[in-house]
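Visitor: Just so you know, the protein sequences line up as chains A and B, in that order.
Sequence positions in the first sequence follow my numbering and run 1 to 213.
Sequence positions in the second sequence follow my numbering and run 1 to 503.
Check before you lean on any hint, since a few could be wrong.
To be verified - Below, simulated DSSO-like cross-link-like pairs (lysine-lysine); rule was C-alpha separation at most 30 Å, straight line:
1) K5/A to K265/B
2) K192/B to K264/B
3) K264/B to K5/A
Bear in mind the hints are in silico, worked out from the structure with no lab data behind them.
Being a predicted model, the structure only gives us computed values, none of them experimental.
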Amino acid sequence: MFESKSGIFFIAGIGFFLIAFLGNGVVPMIMYKDRHEQTAEEVVNKRVMAQFRDLAQRYPESFQNAFGEPTEEACAEALRLGRQLYVGEGCWHCHSQFVRPVSNESRRFGPVSKSEEYDNELQRPVLFGTRRVGPDLSREGGRRGNDWHAVHFHKPQVVSTDSPMPEYPWFFDGSPDKPNRRGIAVMTYIQWLGSWLEEYPYYEELAEVKGEP
Amino acid sequence: MTHGASVHHRSDGPVAGDAAAPSHDDLVDEKIIVCYYVAALTFLTISMLAGLLVALQLVHWNPFRGTELLSPGRWRMIHTNAIAYGFLANAFLGTLHWAVPRLTFHKVLSTRLSWFIFGAWQVIVLSTALGIVLGPTFQDQPWILALAKKWHLPMNLGAQGLEWGETPFWIDPLALVGLALVAVNFMVPIGKSKGPMYVSLWYFMAAFVWTFLTYAMGNLLPEYAVAGTSAGAIGGLFIHDLVGLFVTPLGWGLMYYFVPIMLKKPIWSHGLSLVGFWGLAFFYPLQGIHHFLYTPIPMFLQYGAVISTIAVELVVATVVINFFGTLVGRGKEFFENLPIRYFYTGMVFYFITCFQCALQVTLTFQKLIHFTDWVVGHAHLVMFGVFSLWLFGIMTYLFPRLLGRPWWSRSLCEYHYWLSAGGLSVMFLDLTFAGIFQGYYWSSLQPWDASTNGSQPFWITRVFAGLAMFAGLLCFLFNLWMTARGAEATDPLPARAAGTPTA
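Start from the sequences and build out the full structure, keeping to the hints where you can.
Guide: This is the structure in structure tokens:
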């Protein structure tokens, strides 16, 4: 049996793979099957809308060309496009979206990540990440203004001197005060991260002041 | 090739016990192997250049800053995908065209199918690369956003958000068909073979099934079927199984094939090879979640993944012991026979990788080293230090036979070995230490810049270690070029040192 074709095909090839898939893949699926997966429209909240309107006021001409009016529908579209670019540009290879309950991460980044935070369309596939060259971004929303993000995306070293992050001038029409549709979408997506939490925006300094663990 | 040559080929093959066995020339299509190797080395060159670009970015030396199509974020994915699907897959497929027919005494199902698969696979890899590089540039199309809105799916024109599953969604079905055809093409000769199967064939057969299932699972479920935490569990399974159930069994299967041939003695213990295969088959698929410890994935599943990872380390020890048991009495070969040196160096690295795995998978280690360069060092150790070295050894052994002449330069062969193994060792140690430093910078709550600035010495060292590995590849490519064009050799690699028996 252990050296025969059928044994290797059915037991090792298919059998053991299925056991592992059932145990490690299907079990969590069953455990979480009653969770509602939110759509991009459903995850638009008043905080990210405030940032979206801020973009519209700060860069009126660019915003008008890119998304027209700052409606909730336009915001959902920006989130979708923003996530597509966040994945396509490989941002998630250097920035995780997952705060662990160890190594003082909750003091640096904010509340430990919970399962329900990932039950939405924009986490397909889930962006836990596997490497942090830059900081975790799952509580980044609202921490910094849109002008900071615009300059930072255009040339990170202007606002973060020693940053090894690459430049993204193609998110702009020539200068950081003219973000194009891609730039506005990515900034909206970044400002959305963590906007669903009560502790929004979460500042690192806040924990020091409040003496939180 | 003359009849005499084909007999010569067969004389060092597996023990047949069958006087009427077909000749090498009837069994093996040598041309396709050369084509696979050329494709593999091309993608390896691209991948290493991509890795170099990202390494230069991290130390602020990137000469192409702000160039959209050379964005390090995109080329980071070219680096990993070109290694997995461009280099390893092509090199493995080429070698299987040598090993499977010679082990089974049957040709692959169809030579025309083989060539179709070869072409299709290059299209798949090149389209993946094009998708990754150009995807974000052309992502913003109204029809894509309309479909994404209608179906609530990611609809990324370029990379998808899963490591090694970045293959754009419009290539996934083609890749699956390709993998199914690969399985059929090689399973038919295995099915036709008579008598008990040799160890290598256990690994190959299981690998064909596993690779297809793994690819389907990872490229379909987290994108279309599930979201959130359960998708994370599937993603963990995928990135782990791609190494454990595609690369690892093919690699070990080839070691079980080439090592006894070159040492001219059977594998030390048949019993241990059974333990090794079935241990890997049972424990390896159970480990995926260890990539996401401390996530919201249920804790009991995380514990299970940790325990099975530690268990597989014991299995790995049996395999490594078996191979070193085989080397006993032939130790001189390690120094004189270049492919054997590649193979056993890779095995030492494999043991280190797996030993490291059993430690780093614990929750204690994870606190410190998760998300750091420690893991990057680990990945390079296994993908380059083990499997790439093994494939370099196999190529060093096979190219003189495929081209019909000895390697043009012995010293270039040696440089290839030392620059590859040496550069990799430096890179591995360097990134491992970098990871420990990064972990402490983060947990001590210093400003984020402290970790990136503190990494600079390590990252600069990594650039030069990578350059050494790349220089090794250039030696190999130049040597191959001179050998292929039949240049007059002043310092050829003797047949003995290439593992070829002196007839």
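Visitor: The structure should be examined with respect to each hint, and the outcome stated for every one.
Guide: Verification of the hints:
Straight-line distance between C-alpha atoms of K5/A and K265/B comes to about 25 Å, which keeps the hinted pair within the 30 Å bound. Under the criterion of a C-alpha separation no larger than 30 Å, the hint pairing K192/B with K264/B is consistent with the structure, at around 26 Å. Proposed proximity of K264/B and K5/A is supported: the alpha carbons are some 26 Å apart, at most 30 Å.
In this structure, every one of the numbered hints holds.
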